Amino acid sequence: MKPMLSVSELNAWYGQAQVLFGIDLEVQQGEIVVLLGRNGVGKTTTLKSVVNLLAKATGRIEFQGRSIRDLAPSSIARLGLGYVPEDRRIFTDLTVMENLEVGRQAPRANTPHWTVDRLFDLFPNLARMRDRSGGHMSGGEQQMLSIARTLMGNPSTVLLDEPSEGLAPVIVQQMVEVLKELKRQGLTVLLSEQNLSFAKAISDRAYVIEKGQIRFAGALTELLENEEIRRAYLAV
Amino acid sequence: MWEITTQVLTGLASASNLFLVACGLTLIFGVTRVVNFAHGSIYMLGAYAMVTFVSPMREYLGPTLGFWAAVAASVIFAAVVAALIEVVLLRRLYRSNHLFQLLATFGVVLIVQDLVILVWGADDILGPRAPGLTGFVSLGEHRFPAYSIFMIAVGPVVFLALWLILHRTRWGTLIRAASQDKEMVGLLGARDKLLMTSVLALGGALAGLAGALQIPMQPANAFMDVSIITEAFVITVIGGMGSMTGAFLAAILVGLIQALGIQLFPKSTLVLVFLVMAIVLVIRPWGLLGRPEVEAGGAMGEPPERILSPNTTRFALAALAIFLLLAPQFMSEYHVGLLIEVLLMSLFAFSLNFILGNGGLVSFGHAAYFGLGAYGAALAVYHWRWPMEAALVLGPLVAAAGALVFGWFVLRLAGVYAAMLTLAIAQILWSLAFQWNEFSGGDNGVNGIWPSAWAQSRVVFYYVVLLLSVAAIGALWRATKAPLGYTLRAGRDSPRRCEAIGINLLTHRWAGFVLAGAAAGLSGALFAFSKGTVDTHVLSVHMTVDSLVMVLIGGVNAITGPLMGGTIYPLLKAYIMPLTDAWRMFLGAVILLTVLLFPQGLAGFLSKFSRRFNSSTEPTSVSLRVASERGQ
Ligand SMILES: Nc1ncnc2c1ncn2[C@@H]1O[C@H](COP(=O)(O)OP(=O)(O)OP(=O)(O)O)[C@@H](O)[C@H]1O
Ligand SMILES: [Mg+2]
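Line order of the protein sequences matches chains G and V. No gaps in the numbering here: position 217 of the first sequence is 229 in my numbering, and each next residue is one more. No gaps in the numbering here: position 539 of the second sequence is 1185 in my numbering, and each next residue is one more.
Chain G with its partners taken away, still in its complex shape (with noise of 0.2 Å):
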């Protein structure tokens, strides 16, 4: 089957200095992966790479069988491919309503349709303060209604850069439904995480990333018996 989302030969660099060296990974329909490794190796501007966020990079990105390299970020975006930012990208002067109101794209076929209704079903606190401005409310809350803004756009595939960082456990669990429940109606996911043990409860499949590179990849459990792998990359 062809893979929803594919990334080969992926470099990437910050003015001179390169970040990412020749990146290749992939996700099929429905699949939830994650990209594991410790602070700083480039996990992030992978993922910004995707959406072309990104001044200089080359490789080829595909989403759904086409090539997204030249497209813009809102373009990319068009097509149902959805990204949560690491820092959340809150609009803090805006209210909760029109957070997602700024998300809210026409519903397209084959993917699940997401109304303000249906998503503060899937994030109860939310729907606790429709009408509060984005600047003051918690890291937490701002997690959540990041992720349910990009939802707004009804994506069949979505990016989470980190989704638990910072977040309490029990926030963290919650993180865990939420992602369980974006499975369960199709959603295909990448995500990146430093947490091991969130990625074990959600994720199919892991890469692991070392200064730029992949260094492992497949299957959650094949990672979590490979100790070798983990002590080298991997800050358990």
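Because the hints were derived from the structure by calculation, they are not lab data. Be aware that a few hints might be false.
Below, a list of computed lysine to aspartate or glutamate pairs in the EDC-like style, where the Cα atoms sit at most 16 Å apart [to be verified]:
hint : chain 1 : residue 1 : chain 2 : residue 2
1    : G       : Lys14     : G       : Glu38
2    : V       : Lys828    : G       : Asp99
3    : V       : Lys828    : G       : Asp105
4    : G       : Lys212    : G       : Glu234
5    : G       : Lys192    : G       : Asp216
6    : V       : Lys828    : G       : Glu113
7    : G       : Lys14     : G       : Glu74
Here chain G is said to cover these stretches of chain V; the calculated rule only asks that three of the stretch's residues, wherever they fall, bring their Cβ under 8 Å from a Cβ of chain G [said to hold, decoys possible]:
hint : stretch
8    : 812-821
9    : 830-844
Computed from a prediction, not measured in an experiment: that's the story for all the values here. Glycine residues also receive a C-beta, built at the ideal position from the N, C-alpha and C atoms.
Given chain G, put chain V with the ligands in place with the hints provided.
Relative to chain G, chain V with the ligands alone:
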């Protein structure tokens, strides 16, 4: 009592008009982060469209309907022009430095000025009064025009309408979101390009409305663009760039200051307005309701590689020195005069680039220091009969003193606010020189500023200029290689790191600012003696733009860039200006082409060119610039 009431009402009426222009400017800035000089041109086009549309429309539709249909047509016309400017130009500038954006949009101002004169002629054009609003309302023994009452209402009505658009429609929500994080709006799949164009159209419509509604009170003229845009800048800065409510409050404040200030200081309302702006910025560096600017504007690019080997450089310098020393021997007096201009402009541009390219300080008012030097020297001769030698010392000192005082304000501000304040300062000085007739000679300036007897001959004066300008350029050049220069560059590239290792950046920048001011003052003082006269032009925004254009066409990041620009630009002006009626259009086109195609100027172009044809590995110039791509 009625007296004051009438003044206040007059102030509110003009506040409405100012708000219409300023709110568009602030909206556009909020979403695009471009400070759009061309917004004033749109206002002017709105006024000219009104006087053009109104006669035929009154003929077909009758006086009342025709008048309002003409207003509507002008609004649409202005919106379309503004959207076109976005599509053709602004869109390409979103990632550039503020300075490039300001310059490029000023290029549009220049082009539109000449186009307006081409199409409508240079004379003022009167339009009709507004039907049904030609009468007066009596307030005690005072009579107040009914149209002004109408204008007072326009501001709040537009404010309310905009508020509803921004808070009650999807479009408005997207605009507000984009003002905070344009990239994120795109990442969520909104049509961000269309959004930008639509905001420009909205802003243009408001400016066009202001221009059209101005017609019953004032004729359309080809100078209304720069005066309105300066006031609108002041209002957006006082209110906080990007804040609609801020613009509304600031417009009322400025309108009232102008109306009441005319009683207190009949000649200096402009000065009063700028003073209020300076005070607001000292207390609130981001205006009344603005938010701190996160990014310091886009990059200016990398410094070009050195083109010539050290030996070739030495040889070229020697040849240049011989040429400059011997030039008067084989040149006509006219050409010697031209060479004087080249030397002075090179010094002027070099002094600007000392703080701009070298220090990364955005300055949009370098004319202030050139003008202080010129007026300082000229007024000493004119009023107190000082000899040239003493006046040439006083000029740079006055400019340095100005830089010392103004630097204190400017250097505390960031990015676009600093640029706006430098512009405002230059405009304050300009308006002082313009309005303070007894001291500065007003619009005509002062005459009879000739060199001392021994330097009266063109040739001797040339050597005086050569000596002083080369010495000043040399001194600044040395300063770029001294600790001061390194610190300024380090501050330009990573201010935070500088502060972290305990460098007092502010003091260094202040010193650099004063040094550059003194050098600009010297070139201004010499300029006064070379022309024999000084007028307000030396303090005008056109002089500032000249300085920036020279730096730009030479290359911002190359140390020799301003010298190349300072050489080419006076020559272009001398040889091309006499050939054409459309010099401003030509200059505007040069600015646009340079910003869009050769943002690194001639120096950058030459360096690329030589690299392509000479791939033998020359050592690249050492630069302190770190590859920082913040905002990625
Ligand atoms: N804007 C930037 N400019 C310059 N270098 C950057 C920039 N962003 C990231 N880098 C560098 O690129 C490398 C990869 O960064 P990236 O953000 O992709 O790491 P990451 O794996 O997401 O780390 P983390 O787990 O901390 O989020 C790092 O060495 C980082 O220092
Ligand atoms: Mg990261």
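Against the structure, the hints come out as follows:
Only pairs whose Cα atoms come within 16 Å are accepted, and Lys14 (chain G) paired with Glu38 (chain G) is accepted, the gap being roughly 10 Å. Taken as a hint, the Lys828 (chain V) and Asp99 (chain G) pair is honoured in the structure, with Cα atoms around 15 Å apart against an allowance of 16 Å. Between Lys828 (chain V) and Asp105 (chain G) the alpha-carbon distance is near 13 Å, which keeps this suggested pair within the 16 Å criterion. Annotation: proposed proximity of Lys212 (chain G) to Glu234 (chain G) holds, straight-line Cα distance about 11 Å (limit 16 Å).
With a C-alpha separation of about 11 Å, the suggested pair Lys192 (chain G) and Asp216 (chain G) falls inside the 16 Å cut-off, and the hint holds. The suggested pairing of Lys828 (chain V) with Glu113 (chain G) holds, with an alpha-carbon distance near 15 Å, which does not exceed 16 Å. Note on Lys14 (chain G) and Glu74 (chain G): the hinted pairing holds, with a Cα-Cα distance of about 10 Å set against a maximum of 16 Å. Counting residues of the stretch 812-821 of chain V whose CB lies closer than 8 Å to any CB of chain G gives 3, which reaches the minimum of 3, so the coverage claim holds.
With 10 residues bearing a CB less than 8 Å from a CB of chain G, the stretch 830-844 of chain V meets the requirement of three and the coverage assertion stands.
The structure agrees with every numbered hint stated previously.
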